[in-house]
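*Asks:* For reference, the chains in residue letters:
Number of protein chains: 2
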Amino acid sequence: MAEGYFHYKRDALATFDLFVRELPANRAYLVACGLEDILAYIRELRFTRDDINYLKKQRLFSTDFLKYLTHFRFRGDIWAMPEGTVFFTNEPMIRVTASILEAQIIESFLLNTINLQTMIAAKASRVVCAGRGKGLYDFSLRRTHGSEAGIKVARAAYIAGFNGTSCVLAGKLYGIPVVGTMAHAFVMSFKHELDSFLAYSETFPVRTTLLVDTYDIKKGIKNAITAGLYLKEKGRRLQGVRLDSGDIVSLSRLARRMLDKAGLDYVKIFASGNLDEFKIRDLLQRGARVDNFGVGTHMGTSIDAPSLDIIYKISEVTDEDGRFLPTMKLSKGKVTYPGRKQVFRVQDKYGRFVKDILGLEKDKINPALSARAGGSLLGKGGVKGRPLLIKVVDKGKVIYQLPSLDKIRLFTRSNLARFTAALKEVYSRYKYPVIVSPRLKKLRRSLASQLEKRQ
Amino acid sequence: MAEGYFHYKRDALATFDLFVRELPANRAYLVACGLEDILAYIRELRFTRDDINYLKKQRLFSTDFLKYLTHFRFRGDIWAMPEGTVFFTNEPMIRVTASILEAQIIESFLLNTINLQTMIAAKASRVVCAGRGKGLYDFSLRRTHGSEAGIKVARAAYIAGFNGTSCVLAGKLYGIPVVGTMAHAFVMSFKHELDSFLAYSETFPVRTTLLVDTYDIKKGIKNAITAGLYLKEKGRRLQGVRLDSGDIVSLSRLARRMLDKAGLDYVKIFASGNLDEFKIRDLLQRGARVDNFGVGTHMGTSIDAPSLDIIYKISEVTDEDGRFLPTMKLSKGKVTYPGRKQVFRVQDKYGRFVKDILGLEKDKINPALSARAGGSLLGKGGVKGRPLLIKVVDKGKVIYQLPSLDKIRLFTRSNLARFTAALKEVYSRYKYPVIVSPRLKKLRRSLASQLEKRQ
Numbered sequence: 001m002a003e004g005y006f007h008y009k010r011d012a013l014a015t016f017d018l019f020v021r022e023l024p025a026n027r028a029y030l031v032a033c034g035l036e037d038i039l040a041y042i043r044e045l046r047f048t049r050d051d052i053n054y055l056k057k058q059r060l061f062s063t064d065f066l067k068y069l070t071h072f073r074f075r076g077d078i079w080a081m082p083e084g085t086v087f088f089t090n091e092p093m094i095r096v097t098a099s100i101l102e103a104q105i106i107e108s109f110l111l112n113t114i115n116l117q118t119m120i121a122a123k124a125s126r127v128v129c130a131g132r133g134k135g136l137y138d139f140s141l142r143r144t145h146g147s148e149a150g151i152k153v154a155r156a157a158y159i160a161g162f163n164g165t166s167c168v169l170a171g172k173l174y175g176i177p178v179v180g181t182m183a184h185a186f187v188m189s190f191k192h193e194l195d196s197f198l199a200y201s202e203t204f205p206v207r208t209t210l211l212v213d214t215y216d217i218k219k220g221i222k223n224a225i226t227a228g229l230y231l232k233e234k235g236r237r238l239q240g241v242r243l244d245s246g247d248i249v250s251l252s253r254l255a256r257r258m259l260d261k262a263g264l265d266y267v268k269i270f271a272s273g274n275l276d277e278f279k280i281r282d283l284l285q286r287g288a289r290v291d292n293f294g295v296g297t298h299m300g301t302s303i304d305a306p307s308l309d310i311i312y313k314i315s316e317v318t319d320e321d322g323r324f325l326p327t328m329k330l331s332k333g334k335v336t337y338p339g340r341k342q343v344f345r346v347q348d349k350y351g352r353f354v355k356d357i358l359g360l361e362k363d364k365i366n367p368a369l370s371a372r373a374g375g376s377l378l379g380k381g382g383v384k385g386r387p388l389l390i391k392v393v394d395k396g397k398v399i400y401q402l403p404s405l406d407k408i409r410l411f412t413r414s415n416l417a418r419f420t421a422a423l424k425e426v427y428s429r430y431k432y433p434v435i436v437s438p439r440l441k442k443l444r445r446s447l448a449s450q451l452e453k454r455q
Numbered sequence: 001m002a003e004g005y006f007h008y009k010r011d012a013l014a015t016f017d018l019f020v021r022e023l024p025a026n027r028a029y030l031v032a033c034g035l036e037d038i039l040a041y042i043r044e045l046r047f048t049r050d051d052i053n054y055l056k057k058q059r060l061f062s063t064d065f066l067k068y069l070t071h072f073r074f075r076g077d078i079w080a081m082p083e084g085t086v087f088f089t090n091e092p093m094i095r096v097t098a099s100i101l102e103a104q105i106i107e108s109f110l111l112n113t114i115n116l117q118t119m120i121a122a123k124a125s126r127v128v129c130a131g132r133g134k135g136l137y138d139f140s141l142r143r144t145h146g147s148e149a150g151i152k153v154a155r156a157a158y159i160a161g162f163n164g165t166s167c168v169l170a171g172k173l174y175g176i177p178v179v180g181t182m183a184h185a186f187v188m189s190f191k192h193e194l195d196s197f198l199a200y201s202e203t204f205p206v207r208t209t210l211l212v213d214t215y216d217i218k219k220g221i222k223n224a225i226t227a228g229l230y231l232k233e234k235g236r237r238l239q240g241v242r243l244d245s246g247d248i249v250s251l252s253r254l255a256r257r258m259l260d261k262a263g264l265d266y267v268k269i270f271a272s273g274n275l276d277e278f279k280i281r282d283l284l285q286r287g288a289r290v291d292n293f294g295v296g297t298h299m300g301t302s303i304d305a306p307s308l309d310i311i312y313k314i315s316e317v318t319d320e321d322g323r324f325l326p327t328m329k330l331s332k333g334k335v336t337y338p339g340r341k342q343v344f345r346v347q348d349k350y351g352r353f354v355k356d357i358l359g360l361e362k363d364k365i366n367p368a369l370s371a372r373a374g375g376s377l378l379g380k381g382g383v384k385g386r387p388l389l390i391k392v393v394d395k396g397k398v399i400y401q402l403p404s405l406d407k408i409r410l411f412t413r414s415n416l417a418r419f420t421a422a423l424k425e426v427y428s429r430y431k432y433p434v435i436v437s438p439r440l441k442k443l444r445r446s447l448a449s450q451l452e453k454r455q
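Chains A and B, in that order, are what the protein sequence lines are. The opening position of the first sequence corresponds to residue 1 in our numbering, with each subsequent residue numbered one higher. The opening position of the second sequence corresponds to residue 1 in our numbering, with each subsequent residue numbered one higher.
Next comes chain A alone, as it looks inside the complex (with noise of 0.2 Å):
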């Protein structure tokens, strides 16, 4: 297709728009994540000599295209939704704008990189709201598909208020708390469990927690309270019991009682074993008595809804003079909305959201639209809409200053709060208002049927 461009549409701009159409069941929000990696592949995308040769070998691409991919280096302009920002369907979460060609050669990575991590960052965020404030830790690195993602898998969840991750390398890369506790290959190598333990605590003597699963679980907690009471002589604190299996809600009430009772009421106990947002959610309502969860393969894989329906699509085109021309797709069920766009956020007096605005990135949200929109885009206190799209990338440039790792997890957070609690229940079915500008809708009205006659 970039060839075809090359030939044809050489000088032709257009803006691309970054969006998802539909959310998943159960989901009333996302949250926007992978900002950090496209804007390191806009610095570094370059075709080598090697990439050059294999192309070539096709037989497929002209030499004049071929050498024109040597020099090519991206261009435009990227506008973005900062990482952890929550946002909802049809809103563009990137925007871009370059030679058609260089805004098509950057969609795969786009797609495949936001798509990831943004599923992945939605997901861990409902975890998060149904923890109600226990800890929260990735255990995801054997089941998320390749290791890639299981970094990037850390990443999102941490950036969605998880405590830390078993995924060491994402802890040197990012900084992200790392943890781990024995498996039940450690248990097993001992002749008995209980010199698993102790060989455990002298190893960790501050970080320890034992896995009381891999036999019977009532004895292994004794097991655990004989190292714990062990460790304490010694003026030491076991860390914490992992319950991997069984019926959580009653193992969890039984530990906390027998470790209540043997004076090691510090000791926290840790759940795993293939949780999610609604299991969590389940337990807690349920009565268990659980610290720390770890969550592993359903929020690593979002397994209920691994993929988002997310797409880029072109939304204006230049013209032979130059001048952009808005333009939309018309296929069934697949419409999309033309022009350059921004997502405007209203919020009420006291700081809480209330609706989104989708519109032309020339409409201001000002009285005389709200009037318009029959008055209602403005709240009673006179509060304005804050434009959500950024611009990240200026010519080729990257302008924006990537915030740490930490104060994106923090805006996270803060953003989220300012949303009603309906959006972050685990089976929410609450629509967050998202209104189409006039002049948004009226442009798509007055395209489409040109369009139809058109063609």
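Quick caveat, the hints were computed from the structure, so don't treat them as lab data. Be aware that one or more of the hints could be misleading.
Identical chains share a label here; the pair holds if one copy fits it or two copies do between them.
Straight-line distance between alpha carbons at most 16 Å, and here's what the computed EDC-like set of lysine to aspartate or glutamate pairs gives [what the hints assert, rightly or not]:
| # | residue 1 | residue 2 |
| --- | --- | --- |
| 1 | Lys-219 | Glu-452 |
| 2 | Lys-442 | Asp-363 |
| 3 | Lys-397 | Asp-77 |
| 4 | Lys-191 | Asp-319 |
| 5 | Lys-431 | Glu-22 |
| 6 | Lys-234 | Glu-202 |
| 7 | Lys-441 | Asp-363 |
| 8 | Lys-191 | Asp-321 |
| 9 | Lys-172 | Asp-50 |
| 10 | Lys-67 | Asp-51 |
| 11 | Lys-67 | Asp-50 |
| 12 | Lys-134 | Asp-291 |
| 13 | Lys-172 | Asp-51 |
| 14 | Lys-172 | Asp-406 |
| 15 | Lys-391 | Asp-77 |
| 16 | Lys-191 | Glu-452 |
| 17 | Lys-397 | Glu-36 |
Dock chain B against the given chain A, drawing on the hints supplied.
*Replies:* Same frame as chain A, now just chain B:
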């Protein structure tokens, strides 16, 4: 955990099995995939100075242990099923015998790699079975979990029988045929659909597939016919038209009629849009006239089962005297098979696979064993069970000669062809017989009661 082993089990050797506990719904088999990456990992595994410094900063590890890591190499043995081998639950597809510390350090990478690639090879294989010989192309890059996953998915799908991929980097890395068609944006960047079709046809006179559903599909097909006749006049052939929305059965029949009537009976029909094995089976049963399918998200994320219940469990460990003692887990619903195991595949006199025997390595499938198992292990023709696990790493050295990708692909096809058709149904409830050898059964029974007593 490794530090615990370092202090308490430095000389212990252990065997670990990597296997799948349960199959996802509708699945009756899995396809081994990922060994190539495992072997590369074993060759290259090192802790860099940078890694050690990071670990040091955690203030968790002893100087001795960190020093040990600087010299760390995997020095054990690995047995594995060759890529493309069809296998079933509880069958070890990788078996590691090594220092317990080394065997444990490689766990995460092994699970992560085999989970992704085997899951995708199995899913893609189902699509291939449903496709009944039609062309199948991997279009999943936009929705795979990261770019690494995109590349691995392309490879796994090709092994399973796909014909090509849209992931150009996978084409470059693995020599997989790459394919591409135009996207809606290309059409929309021109004022008239026909202009975009002619431009594309000029650019790729021998490999043009035109996307006909951007505006009105019927008009789109007409425009494609115009472009096809234009190419025909110049002595060239339009390759295909692509349908990406709407009712593929009626639209493909309409397209076929219109193309044939215009003398373009050689033009292929390409269908895409959220396809999977269920939809492809349905489309073909309902009489769709499709020659090639582009299969994306559903295959590339294994959307109905985005993870396998894959685990890595210790099965034997040496005692103080260096003797291997079998071990097993007794956790509720998670009991494992002890001992050093092998999988034997039994075929009938026609070469059809009829059952597998999960046994101990020292089990030999011979008439004596057959007799002990009630004579049912061997067919009347006196056929023999072939061991599926072969040695691929010897004392840390990779001794397995990797077959070419095309050889693996052929092996997968011929391997699958020897199983009954019931296994390959899209909605399969067939359970291929995997029999536990008498000796293994006995070991498991006696060990379970022994462990219960001991703890």
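*Asks:* Checking Lys-172 and Asp-50: alpha-carbon separation at most 16 Å within a copy, between copies, both or neither?
*Replies:* So Lys-172 and Asp-50 pass the 16 Å test across copies only (9 Å; inside, 31 Å).
*Asks:* What label fits Lys-134 with Asp-291 when the C-alpha limit is 16 Å: within, between, both, or neither?
*Replies:* within (6 Å within a copy, 54 Å between copies)
*Asks:* Measure nothing new, just compare the shortest in-copy and cross-copy C-alpha distances for Lys-431 and Glu-22 to 16 Å and report within, between, both or neither.
*Replies:* within (12 Å within a copy, 37 Å between copies)
*Asks:* Cα distance capped at 16 Å. Does Lys-234 pair with Glu-202 within a copy, between copies, both, or neither?
*Replies:* Within one copy only: 10 Å inside a chain, 81 Å across chains, cut-off 16 Å.
*Asks:* Please sort Lys-67 with Asp-50 into within, between, both or neither, judging by C-alpha distance up to 16 Å.
*Replies:* within (13 Å within a copy, 39 Å between copies)
*Asks:* As a check of your reading, is Lys-172 near Asp-51 (CA-CA no more than 16 Å) within one copy, between copies, both or neither?
*Replies:* between (31 Å within a copy, 8 Å between copies)
*Asks:* Up to 16 Å between alpha-carbons, please classify Lys-391 paired with Asp-77: within, between, both or neither.
*Replies:* within (7 Å within a copy, 54 Å between copies)
*Asks:* From the Cα coordinates, with 16 Å as the cut-off, is the pair Lys-219 and Glu-452 best called within, between, both, or neither?
*Replies:* between (74 Å within a copy, 11 Å between copies)
*Asks:* Reference check for the pair Lys-191 and Asp-321, CA-CA at most 16 Å: within, between, both, or neither?
*Replies:* Intra 81 Å, inter 13 Å, cutoff 16 Å: inter-copy only.
*Asks:* Measure nothing new, just compare the shortest in-copy and cross-copy C-alpha distances for Lys-441 and Asp-363 to 16 Å and report within, between, both or neither.
*Replies:* Result: close within a single copy only, 12 Å intra versus 74 Å inter.
*Asks:* Could you place Lys-172 and Asp-406 in one of the four classes (within, between, both, neither) given a Cα distance threshold of 16 Å?
*Replies:* Within one copy, since 15 Å is at most 16 Å while 38 Å is not.
*Asks:* Under a CA distance limit of 16 Å, which applies to Lys-191 and Asp-319: within one copy, between copies, both, or neither?
*Replies:* between (78 Å within a copy, 8 Å between copies)
The structure shown violates none of the earlier numbered hints.
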